[in-house]
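*Asks:* Residue numbers (our numbering), protein chains in the order written: chain X, 1 to 128; chain U, 1 to 352.
Take the hints with a grain of salt, since some may be wrong.
What the hints assert, rightly or not - Derived, one-sided and incomplete: chain X residues facing chain U with beta-carbon distance under 8 Å:
1) G16
2) L19
3) R20
4) T86
5) A87
6) G91
7) P92
8) D102
9) G103
10) L124
To be verified - Over 10 Å on every C-beta distance to chain X, these chain U residues come out as not near it, computed from the model:
11) Y41
12) S68
13) D98
14) G179
To be clear, the hints were calculated from the coordinates, so they are not data collected in a lab.
Just so it is clear, the structure is predicted and the values come from calculations on it, not from any experiment.
Don't be surprised by glycine CBs; every beta carbon is placed ideally from N, CA and C.
This is what each chain is made of:
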Amino acid sequence: MANPAKLTINTLTANGGFLRPAGDAIDTNGTVPIAAADLGGAASRLLLEVTEDNVRALTVTISRGDNPPAVRSGIGDINVAVAKNTARVIGPLDASQIMKNDGTINVTFTGTGGAAACHVRAYLLPKA
Amino acid sequence: MANPTKLTVRALVPNGARAWPTPDVIDTTGTVSVLATDTGYHPDRVALVLTARGAVSARVAPGDLPPSVRSGLGGLTVPQPSARAASVTINPAGANNDVLYTANAVGSLGNDISICYIDPGAASRALTVDVRGKAIRVSLATDASKAITSTAAQVIAAVNAHWMAGFLVTAANAPGSTGAAAVTAVSETHLAGGADMDGAHAAVTIAPAGDNNDVDWTAVVGGAAGNDITIEYENPGAASQALTVTVVDKAITISLATDGASAITSTANDVIAKVAETAAAKALVTGAPHGTDTGAGVVTAMAPAALTGGADLTIVCGPFEGARFAQDNGNLDINFEIINGKMDVIAFMLPG
Numbered sequence: 001m002a003n004p005a006k007l008t009i010n011t012l013t014a015n016g017g018f019l020r021p022a023g024d025a026i027d028t029n030g031t032v033p034i035a036a037a038d039l040g041g042a043a044s045r046l047l048l049e050v051t052e053d054n055v056r057a058l059t060v061t062i063s064r065g066d067n068p069p070a071v072r073s074g075i076g077d078i079n080v081a082v083a084k085n086t087a088r089v090i091g092p093l094d095a096s097q098i099m100k101n102d103g104t105i106n107v108t109f110t111g112t113g114g115a116a117a118c119h120v121r122a123y124l125l126p127k128a
Numbered sequence: 001m002a003n004p005t006k007l008t009v010r011a012l013v014p015n016g017a018r019a020w021p022t023p024d025v026i027d028t029t030g031t032v033s034v035l036a037t038d039t040g041y042h043p044d045r046v047a048l049v050l051t052a053r054g055a056v057s058a059r060v061a062p063g064d065l066p067p068s069v070r071s072g073l074g075g076l077t078v079p080q081p082s083a084r085a086a087s088v089t090i091n092p093a094g095a096n097n098d099v100l101y102t103a104n105a106v107g108s109l110g111n112d113i114s115i116c117y118i119d120p121g122a123a124s125r126a127l128t129v130d131v132r133g134k135a136i137r138v139s140l141a142t143d144a145s146k147a148i149t150s151t152a153a154q155v156i157a158a159v160n161a162h163w164m165a166g167f168l169v170t171a172a173n174a175p176g177s178t179g180a181a182a183v184t185a186v187s188e189t190h191l192a193g194g195a196d197m198d199g200a201h202a203a204v205t206i207a208p209a210g211d212n213n214d215v216d217w218t219a220v221v222g223g224a225a226g227n228d229i230t231i232e233y234e235n236p237g238a239a240s241q242a243l244t245v246t247v248v249d250k251a252i253t254i255s256l257a258t259d260g261a262s263a264i265t266s267t268a269n270d271v272i273a274k275v276a277e278t279a280a281a282k283a284l285v286t287g288a289p290h291g292t293d294t295g296a297g298v299v300t301a302m303a304p305a306a307l308t309g310g311a312d313l314t315i316v317c318g319p320f321e322g323a324r325f326a327q328d329n330g331n332l333d334i335n336f337e338i339i340n341g342k343m344d345v346i347a348f349m350l351p352g
């Protein structure tokens, strides 16, 4: 197997709902982008749910963006530790810190002492 | 257990990270609110993660007007990727007159449908069906001496042919009933068991050597917990023993009946019936002959077998429109209906 070419976006709509998706399987250390076209210009409404597959702890890194457009990219990367067999909710994410100049957002998965093994569900929240 | 007094709100903050929360557990039918004080009076920012570990429903209650100017649109039932229909068997006195009514639309709203049989108390009346709201009223036919003459079969035909009643339900002979006998008056009885969400039910087929003795065992309550159930057929190894069922936690042990020569005499149907009359076992599983098996074949001892395939069902839903669902105190009310099992609920507060 290999990591997906991009993370799948699951869009929440007001008063709507859906079956919780299985999530994208991550089994290799590396970066998986979230495509700009899938975000529809709403990168600041992105929420990630990362569930470690009971293999090893990992670190999820949402890379700093490019300035422009990410005027707050100087704050740096967002690093979130995910312990073995746990799940973390990350975000919503601030596009002004993490958006690349082509509109993508890069998420890097790094296992502790081996390949990362987790499932990722990416949700796009509706406008407030 | 009992429901929590309120749903716990977990606030999400931009660029923040938090552990996946421990859910609130709902195990009783009733309303539980997301409090305005926990959302900063922003019920419109609440998203829910609902996990069905059984047959359950959740509806967001319509708000008050004011402030909810769109409350007239009514409440909101969460999506129904796995729902089951409400049903009821109307069982008047006597044989061959039982009728099974099943809601045509799956989900909890079918539980609002009711049936009643009315004795008109007058002579020479025709069989008629009337629907008021979701109440189906069957006025029975009588002869010249005011005796009821409508048979179950005639009631079934009349209900199914009625434009509204036939839309709400499907009537059929209950198992074992021919429908040939007359019915009697029955007071208003609601359909029950309809649910908007139901976990996948664990199941196993026990197939001893021989014919017509395979049994499909299915967990009564849907969800992953059903995979913990085991079933064992045990040879008592002694003469003239009775068929018995014992349950320890989720382990069902069926000790088979024997004759004077210590030979097993229990058939598959015997085993199914014994489980169905043993409360602790009946609460865990239901049995049915497998495929075209008749169930008349004698079973043999079988090692414990675990049910498999049970799975919880999780829905992500919301946020919910404040102009439709906000109560006049700012709360968001969720009406839960628990047919069996329970529901896990996580309420997230989205940032503005």
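*Asks:* Now look at each hint and say whether the structure bears it out.
*Replies:* To see whether the hints hold, each was checked on the structure:
Checking G16/X against chain U by beta carbon gives a least distance of about 7 Å; that is within 8 Å, so the hint holds. Given the 8 Å rule on beta carbons, the hint for L19/X holds: about 5 Å separates it from the nearest Cβ of chain U. At a threshold of 8 Å, the smallest CB-CB gap from R20/X to chain U is about 4 Å, leaving the interface hint in force. Because the beta carbon of T86/X sits about 6 Å from the nearest beta carbon in chain U, less than 8 Å, this interface hint is met.
Look at A87/X: its Cβ gets to within about 4 Å of chain U, closer than 8 Å, so that hint holds up. A hinted interface residue such as G91/X counts as satisfied when its beta carbon comes closer than 8 Å to some beta carbon of chain U; here the least separation is about 7 Å, so the hint holds. Hint status for P92/X relative to chain U: holds, with the closest Cβ pair at about 6 Å, below 8 Å. Against a cut-off of 8 Å between C-beta atoms, the interface hint on D102/X is violated, since the closest Cβ of chain U lies about 21 Å away.
For G103/X, the shortest C-beta to C-beta distance to chain U is roughly 18 Å, which exceeds 8 Å, and the interface hint is violated. Annotation: L124/X was flagged as interfacial toward chain U, and the flag is violated, the nearest CB pair being 12 Å apart, outside 8 Å. No Cβ of chain X comes within 10 Å of the Cβ of Y41/U; the nearest lies about 14 Å off, and the non-interface call holds. Against chain X, the non-interface label of S68/U holds: every CB pair exceeds 10 Å, the least being about 13 Å.
D98/U, annotated as away from the interface, keeps every beta carbon of chain X farther than 10 Å; the closest lies near 37 Å. At roughly 40 Å from the closest C-beta of chain X, the C-beta of G179/U stays outside 10 Å, upholding its exclusion from the interface.
Hints 8, 9 and 10 from the list above are not met by this structure, while the remaining hints are.
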